Amino acid sequence: MPIDSLGFVYLFLPASMAAYYLTSNRYKNFVLLVVSLVFYGMLFPTMLPMALGSLLFDYLVVQLLALWEGNPAWRSLAAGASVVKNMGMLLALGMLARPQALMAPAGLSVINLTSMGYVLDVYDHEAPADSSFVRYGILCLFFGKVFVGPLVTYNQLAPQLKKIRPSLSGIASGVVAFTIGLGKKVILADSVTALYESLRATPLYEMTSMAAWVMVLAFAFALYFTLSAYSDMARGLGKIFGLDLPQNFYYPYQARTVTEFFGRFNMTVSEYWKRYIRLGRPDGSHARLTAAFEALFVTALWGVWFGFSPNCLAFGLLIGALVLVERHLTGKLLRAIPPVFSRMITFLVVILSLVFLLGGEWSQIAAYLRMMFGLGSRPATDETFLYLISSNYLVLLGCLFLSTSSADMLGRWIKKNYPQLDDGLTVVFNIGLLVITTALLL
Amino acid sequence: MLSKRISALLLLSAICLSSVYIVMRGGFFQRRPAEEGVTLSQAADDFVGNNFPFGEQLKQLATRFRLLSGQWEQNGVYITDGHLLDNIQEKDPTIGDENIHAITSFVETNKVPSYLMLIPTSAAIHQEEKPMYAPLTNQRRYIEDVYRSMTGRVSTVDVYQTLLNHREEGIYYKTQSNLTGLGGYYVYSVLARRLGFEVNPLDWYEIQYSPGTYYGDLYQRAPYKKVAPDLVSFFHFSKYRREYRVVHIYPNEVKTYYTLYPSHLLSGGQPFDSFLGGISPIVKITSTAPYDQRLLLFGDRTAASFLPFLCNRYREITVVNLSGTTPQMIADLDIRQYDQIVFTYSVDTFMNDPSITNVLDAK
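Keeping their order, the protein sequence lines are chains A and B.
So the first sequence is numbered by my numbering: it starts at 52 and just counts up by one.
So the second sequence is numbered by my numbering: it starts at 1320 and just counts up by one.
Hints are computed from structural coordinates only; laboratory data are not their basis.
Source: prediction; values computed, not measured.
C-beta atoms are modelled at their ideal positions from N, C-alpha and C, and glycine is treated no differently.
Some hints here could point you the wrong way.
Okay, derived cross-link-like pairs now, BS3-like style, lysine-lysine, Cα gap no bigger than 25 Å in a straight line [as the list claims (entries may be wrong)]:
#1 A/466 x B/1410
#2 B/1603 x B/1545
#3 B/1545 x B/1449
#4 B/1323 x A/467
#5 B/1449 x B/1574
#6 A/383 x A/325
Residues from chain A that keep clear of chain B, each with C-beta distances beyond 10 Å, as calculated [as the list claims (entries may be wrong)]:
#7 98
#8 145
#9 343
#10 399
#11 437
#12 473
#13 493
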């Protein structure tokens, strides 16, 4: 069951919390692993044996890497086998999986990449070979993050698992963070996704230029709020169970450059690929070329995270190309002009790039871009578009406001100047959010 | 930090107490047979949804919240202050074409005077209430196109303008996608003239109202409390004494009522089915009216609104709901014993229900 469903919030979560907190500290990790396995089995029942098999394989590889400490050739073979296995599974699953309305990696992607990362860390002696399958299992399978991430490394999670210290403040933060993430998903993401899907279903010959713009805007918000909501819920669930997971999104749409956008959107994924993609460190004239290839390779893999398709690859490469253009040409200029203008320019460039992520034939993507620039034969608006906008303008405005740090800044201002009002509003807001979210899910 | 702890405490309490309530109410620990095609995740969601405390109030809150955010269409229903309007759409244009073909083939084969009547839905008649710019299927044009394609082969009955003229008189239910008794009377008045007999005036009927008010199927999809619930009205023919027998024929069962309005259905959660007891696969209505003619009517549940008026003009009316009949039931119909045949459907049914082509099973 997805973590934004009624069954999860009102059955699975209380039951798993009860099981976890009624167990002594010594067995908490084991309970957490069992709960994660049950969750994954309910979410992807046919994939559970494959996931377990894959984990066991990598676990054995890690033990072998420790055993073959003095034998670099065997170590390389073992690590190589793990990489081939994991990348092969991702490739196969990506090609076999049905395309989804909003690209989101299947659970196996998170598991495989996390596991592969750990193998490579052990290979590079950046992490110890842990003999505990329970800790390793939680690293890869923790149910809060298995759906969409964030991606974590062994060094981030293992110290927390070795010294379990659930605290009331952690639980409090976790419950509130989970509720906010759930609200973000159900209230914002689902609404703007419905708008995007209505516009996407419009045949090309009926689409207007304004509808094309709003469609891409709705897609941008749907993508951001869906993925960031799941990440927020994952972090909230992590805190409930004593784990501090890394942040995955940081207001990407208010970035001043595309490079900054890349560093703020799905941060753990971009950091993951930057960490493990190394094309060597040549000197002289080859250095810039190698760095450029590395940047393109990393952004391409980051793009493929959204879905294994030529469109996602093209999107990643486009972002990579824009990063390189900024690095060598326009970056200084963007940082020199007032932030509001650089943000607007970057947002516009990102929106146009996201057209590639919509999927579909290249001719369709080209048609959307032509329409957005008024090069089609259709008018700017029609009644269907006006109706959709009149029904959804508040949702779009809400998404625009909440995709920036303005709400945070407002919250901090209220807290600083009216602390008691802030306390009251916080309680009312959080309870109200749970009530409305539950009402919308019913 | 204190506010966060208070929030967390309240949130956890709400979640845990709700869970306990759901489990206790829903009988979680009883064994349940697994339903086919339902995943564990969906079953869990349904279990929680069906047993959630204050579920009805929360659904209304959700409707209000969506309205506040500007969404005046929810689950395919336009929410207005006066009515819930079902936004019907043509899912597959070939269905309507095939229905036209089936009816014209049937009529050409059987040579009994036949009529087609398409009844617009409330969304067409009350379209001035729809949200601004909201798209709406042009049901008037659809009816005209269907009628035009049948010219010369089937007699058509146009009720659109009559219903439009009387739209302020409560001819459609507000929360149910069907005509009221009064709406049924106006449809009957147009149909009667087409069928060649005089219309009984309205003052020949005594109007009885249901003891309570009801929310219909549209309310289940968009529970908006500001739309008033419906009052069901029954029109009893009072000019002359009449006795009725309404026989509902199912594939394995027969039910008989001796009234046109079985009132026990009002309390049984099916208030709108208290017209004739609903439209079963086959319904045979006989009355003590002094007429010899027999009418065969192929229709959907909109027919229940005007049949109580029509049955005082025929010795027997056989109503066939092609979506519920078996091929054998249709084949067993003796078409030759009927004097007139009427095909009557809401525009929604005619547009989207392919079962009308089952009429070709009749011999």
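Against the structure, the hints come out as follows:
no., hint, verdict
1, A/466 x B/1410, "violated (53 Å)"
2, B/1603 x B/1545, "violated (39 Å)"
3, B/1545 x B/1449, "holds (16 Å)"
4, B/1323 x A/467, "holds (16 Å)"
5, B/1449 x B/1574, "violated (41 Å)"
6, A/383 x A/325, "holds (23 Å)"
7, 98, "holds (14 Å)"
8, 145, "holds (23 Å)"
9, 343, "holds (45 Å)"
10, 399, "holds (26 Å)"
11, 437, "violated (4 Å)"
12, 473, "violated (7 Å)"
13, 493, "violated (5 Å)"
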